[in-house]
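Chains as they are written, first to last, in our numbering: chain A, 1 to 315; chain B, 1 to 291.
Warning: the hint list may mix true and false statements.
No more than 20 Å apart at the CA atoms, straight line, and that leaves these computed lysine to aspartate or glutamate pairs for EDC-like [unchecked claim]:
no.	chain 1	residue 1	chain 2	residue 2
1	B	251	B	77
2	A	7	B	131
3	B	28	A	129
4	B	251	A	272
In case anyone wonders, no lab produced these hints; they're calculated from the structure. Values in this document were obtained by computation on a predicted structure and should not be read as measured data.
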Amino acid sequence: MYTYIAKRLLVAIPTLLIISIFVFSLQKLLPGDPILAMAGEERDPQVLEFLRGKYRLNDPVPYQYVHWLGAALQGDLGISLRTNQPVLQLVGEKLPVTIQLAIMSMIFAFAIGVPMGILAAVKKNTMIDYIANIIALTGLSIPNFWLGIMLILLVSVNLGWLPASGYEPFFSNPLRSLETMLMPSFVLGNALAATLMRHTRSAMLSVLSADYIRTARAKGLPESTVVLEHSFRNAVLPIVTLTALLFGELLAGAVLTEQIFTIPGFGKLIVDAVFNRDYAVVQGVVICTAIGFILMNLLADILYVLLNPRMRAAL
Amino acid sequence: MTAIGETGIPAAIDRTPSRAWRKLKANKGALVGLVIIAFFAILAVAAPLLPIPDPNATSWSAIRKAPSAAHWLGTDDIGRDILSRMIWGAQASLMAGVFSVAIAVIIGVPFGLVSGYFGGWIDMVISRITEAFLAMPFLITAIALAAFLGPSLTNAMIAIGLSAMPVFVRLTRGQVLSVKTEEYVEGARSIGLRSSGIITRYILPNVFAPILVQATLTVATAIIAEASLSFLGLGQQPPAPSWGSMLNVAKNFLSQAPWMAMWPGAAIFLVVIGFNLLGDGLRDALDPREA
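Could you build the full structure based on these sequences and the hints that come with them?
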C-alpha cells in the first residue's frame, strides 16, 4: 500500500511541474511591462527597479522560472501587493472558511443526491425516476450565482428568514455561523447533488441487476435490506471516489458563491486579487488549488483501493 | 453546473448517421433542447432586425421600471430596456459558448489525434500536459487566464476555450487508441498511405461522433462560464449587454428591482438546459448499446 502511495506521489511530480510552468507563464501574458502592472499606481523609478531586481526580470526567462520555483518550493509564493502579507499566509487564513463551506455543501449534496439516486434506480422508468432526472438536469443547468441571487431575494429580502451575506467563524458562534452558511452551502451543494444523483443512480442500476441481488430477493429478504445493505453497499465505491473528485468543482463553485454571499474565503480571495491586480495572489491561489485537487485525486485512488478488496489483494 | 469530462460518453459509438438521427428525433428531451436553442439562436441573429429599443439607450425617466406594456421585462438601473438587452445579450452568450468550444476543439482534437496515433514520447508529453491542465478546476483556470489576458469578451472566450481544451485532447486520444487498431486503418497503412492521410481520411471521421457529443455538452458549460466571468466583470464589458454582466448589476438592486435579476438568469438556465438536453439526446442516439 505504501509503495502504491509513493508511486502515485511520484507520478504527481511532473504534473505539478507543468502546472508551475503554466502559473509562472501567466505573468508573461500581461500586456506591456509586467512590473508596471504589478506596481499598480506606483511609478517611482526606484521602486520599479527594485521590483525588477526582486523578480529578476532582467535575467533570462528560464532562470526567472527556476528562481520562482525554488522560492515556491520553500513556501514563498510571493507577497500580496495589497496587504503586504505572504501569499501562502493569506491562503492559509482563507482556507478554513472555504473548507467549512465545502463540508456543509457536501452534506447537502449527499443528503439530496444519494437518496434521490437510490430512489430513481429502484423505481426505474417510473414517474419518480423521471422527476428525479428532471431535478438533476435542473441542478446541473442552473447557474449557481443566479440560484444564490434568487434565494437571497426569496429567503432574505422577502421572507427575512436568513441573512443575505456575512460570515461568522464556526468556533466563535456556531449557531450564527450555520445560519450564515446555510444558503451558500445549499447553492454550492445543489449542482454536486445533481452529479451525485446521476452517478448513484447508474451505480445502483448496475448493482441491482447483479445475480447476488436476485439471490437475496429469492431468499425472501425484505426489499429495504436488499436495496440498502446488499445493493447500496456495493454501489458506494464509485460514489466515494467521485466525492473526492468533486472537490475541484467545489473550489470552482466557491468562487462565485463566496462572491454572492460576501464570504471571505478562498474563492473571494482570487476574485479580489484579480480586481486589485494582485497577480502573485492569483498565481498562489491557482497553484494551491491544483495541489489540493491532485491530493484529492490521490485520496480518491487510495480510498478506491482501500474499499475494494480485489484491488487491495492485487497490491 | 456540468463538469467538463464527466459526461459519460460511451467508448463505442454508433456511426450510422440515419439510425442515430432517427433515435435523436424520437428523443423528446433532445427535441425540446433543439427548439430552445433554435429559439435563442434566432433571437440572437435577428436582434438587429427586431423592433426593440437600442439596448444601450438610457432613459432617466424610466429607471428601474417594473414590467409594463412599454417595457415588457422592465428597465434596469439606468433606464435601459431589459428585453432588448436580453435579446442582444443572447448574441454574447451563444457566441461565447460556440466560439470557446470551437477554440477547444480546434486545438484539442489535433493534439489528441497526434497523441493517440503516434504514441511514444509525443503521447507521453501531450498526456502529461493534459493531465496537468485537468488538475486545475476549469473555472479557476479560466478566471486566472482572463485576469492576466485582460477583461473582454474575446479574452473570456479564449480563456474558456483553453481551459476546456484538455478534455478534447483526452477524449480524442482515447477514441483514436480504439480506432487505430481497426482493420481499415491497418489496410490504409499497408497500402502505403501517409500518416496525415490516414488520420484525416480514416481516423478523424470515426472519432467525430463522441467529439460532437462532448462539444454540445461543453457549449452548456462554456455559456455558464462566460456568464460567470461576465458576472465577475471579466467577460463582456459595459455598456455592451451580456446576461452575466446584467446579473452582476442586478444583484445590487434585489429589493428595489427584482425583475432585473430574474430574466437574465432564467435565460442562461434555459439555454444551458437546452444544450444539456440535446447533448444527452445525442449521446443516447449515438450509443449503440441504447435500444
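Structure-based check of each hint:
1. Simply put, residue 251 of chain B and residue 77 of chain B have alpha-carbon atoms about 11 Å apart, close enough for the 20 Å limit, and the pair holds.
2. Restraint check for residue 7 of chain A and residue 131 of chain B: the C-alpha separation of about 16 Å stays at or below 20 Å, so the hint holds.
3. With a C-alpha separation of about 16 Å, the suggested pairing of residue 28 of chain B with residue 129 of chain A holds against the 20 Å cut-off.
4. For the suggested pair residue 251 of chain B and residue 272 of chain A, the alpha carbons sit about 17 Å apart, so the restraint of at most 20 Å is met.
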